[in-house]
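Protein chains: 2
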Amino acid sequence: MKLGRLNHIGVVTPSIEASIAFWRDTMGAEVIREPFDLPAQGVRVCFVDTPLGAAGGSGGPQIELIEPLGEASPIHGFLAKNPAGGQHHLCFEVPDIHAAKAWFEGQGKKVLGEPRIGAHGTLIFFVHPKDMGGVLTEIMETPKDAH
Amino acid sequence: MKLGRLNHIGVVTPSIEASIAFWRDTMGAEVIREPFDLPAQGVRVCFVDTPLGAAGGSGGPQIELIEPLGEASPIHGFLAKNPAGGQHHLCFEVPDIHAAKAWFEGQGKKVLGEPRIGAHGTLIFFVHPKDMGGVLTEIMETPKDAH
Numbered sequence: 098m099k100l101g102r103l104n105h106i107g108v109v110t111p112s113i114e115a116s117i118a119f120w121r122d123t124m125g126a127e128v129i130r131e132p133f134d135l136p137a138q139g140v141r142v143c144f145v146d147t148p149l150g151a152a153g154g155s156g157g158p159q160i161e162l163i164e165p166l167g168e169a170s171p172i173h174g175f176l177a178k179n180p181a182g183g184q185h186h187l188c189f190e191v192p193d194i195h196a197a198k199a200w201f202e203g204q205g206k207k208v209l210g211e212p213r214i215g216a217h218g219t220l221i222f223f224v225h226p227k228d229m230g231g232v233l234t235e236i237m238e239t240p241k242d243a244h
Numbered sequence: 098m099k100l101g102r103l104n105h106i107g108v109v110t111p112s113i114e115a116s117i118a119f120w121r122d123t124m125g126a127e128v129i130r131e132p133f134d135l136p137a138q139g140v141r142v143c144f145v146d147t148p149l150g151a152a153g154g155s156g157g158p159q160i161e162l163i164e165p166l167g168e169a170s171p172i173h174g175f176l177a178k179n180p181a182g183g184q185h186h187l188c189f190e191v192p193d194i195h196a197a198k199a200w201f202e203g204q205g206k207k208v209l210g211e212p213r214i215g216a217h218g219t220l221i222f223f224v225h226p227k228d229m230g231g232v233l234t235e236i237m238e239t240p241k242d243a244h
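Taken in sequence, the protein lines are chains G and L.
Numbers in the numbering used here are just positions in the first sequence, counted from 1, shifted up by 97.
Numbers in the numbering used here are just positions in the second sequence, counted from 1, shifted up by 97.
Next comes chain G alone, as it looks inside the complex (with noise of 0.2 Å):
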């Protein structure tokens, strides 16, 4: 397998109405995406683009901020623990999701359940940090119009 481009860094918080209003008025960020739902993952999630360079806007990958969304959510555990919030995961984007998963698997890698869709529309995984270097890893396809 090759490394493919980073996507996004998820940031869990126990607010998403103020972490978009750190990241537009402290961090100046230019482009923050609308936040949606995501019930079937106990989650609420809004994306704010970095730039790729001095010209600023959108390109290099996005802060993926995290909210949890429901009593069950797989999100309180870590906000219990860490109450401000702070980075919870990184995601690679790969061409074919299910040759990952069968690649992660084969080096004896914990992938955590079956592909399903993400915040972006395509299907993911996640790798479980013990084996990622204390790193939980998120393993999305390329979106079809991306890039």
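Because the hints were derived from the structure by calculation, they are not lab data.
There could be a bad hint or two in this list.
What the hints assert, rightly or not - With a straight-line Cα cutoff of 25 Å, these simulated DSS-like cross-link-like pairs (lysine-lysine) come out:
1) G/K99 with G/K207
2) L/K241 with G/K178
3) L/K178 with G/K207
4) G/K206 with L/K178
5) L/K207 with G/K178
To be verified - Negatives, chain G to chain L, calculated, CB over 10 Å:
6) P132
7) P171
8) H195
9) R213
10) G218
11) T219
From a predicted model like this one, the values you see are computed outputs, not experimental measurements.
Note that the Cβ used here is the ideal one computed from N, Cα and C, for glycine as well.
Please arrange chain L on chain G, whose structure you already have, making use of the hints.
Chain L alone, transformed into the frame defined by chain G:
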């Protein structure tokens, strides 16, 4: 201030050698730089390039692998809490490090020390995670020959 390019994601590891093997053999990274010591900061680091797209190679943000260097390394505490390693900080570029320091301080954010030379040879500082949504944030001046 305008959000700058995401230069790198800092990832702590108990062993840079083992992490290089992981990023090369499991993640498929094609460009991994020579590790080097930063004695003033008590760390040994190694940059792994990520691609901008499906063509592979470099151009995206780097992964900065960080291993403790010496008994007084500030990274020992992180590894005591996270023995396998894990995500440590995000680093964004700015055109002027002193203007950026004044900006964050003006926003009431705790800047950790004076600007100093970082791993890419330009001035950097860190901002305390408690003021940054739980994310330890490095701000670095863009290298003059970059991008």
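Structure-based check of each hint:
Only pairs whose Cα atoms come within 25 Å are accepted, and G/K99 paired with G/K207 is accepted, the gap being roughly 19 Å. With a CA separation close to 40 Å, the supplied pair L/K241 and G/K178 exceeds the 25 Å bound. As the CA atoms of L/K178 and G/K207 are separated by approximately 22 Å, the hinted pair is consistent with the 25 Å bound. Among the hinted pairs, G/K206 with L/K178 is consistent with the structure: their alpha-carbon atoms are about 22 Å apart, no more than 25 Å.
A hinted pair counts as satisfied when its Cα atoms are at most 25 Å apart, and L/K207 with G/K178 qualifies at roughly 22 Å. With a least beta-carbon separation of about 15 Å from chain L, G/P132 lies farther than 10 Å from that chain, consistent with its non-interface assignment. No Cβ of chain L approaches the Cβ of G/P171 within 10 Å, the least distance being about 17 Å, so the stated non-interface status holds. No beta-carbon of chain L comes within 10 Å of the beta-carbon of G/H195; the shortest separation is about 16 Å.
A cut-off of 10 Å between C-beta atoms confirms that G/R213 is not in contact with chain L; the least separation is 22 Å. With a least CB separation of 18 Å from chain L, G/G218 remains clear of the 10 Å interface cut-off, as annotated. A cut-off of 10 Å between C-beta atoms confirms that G/T219 is not in contact with chain L; the least separation is 14 Å.
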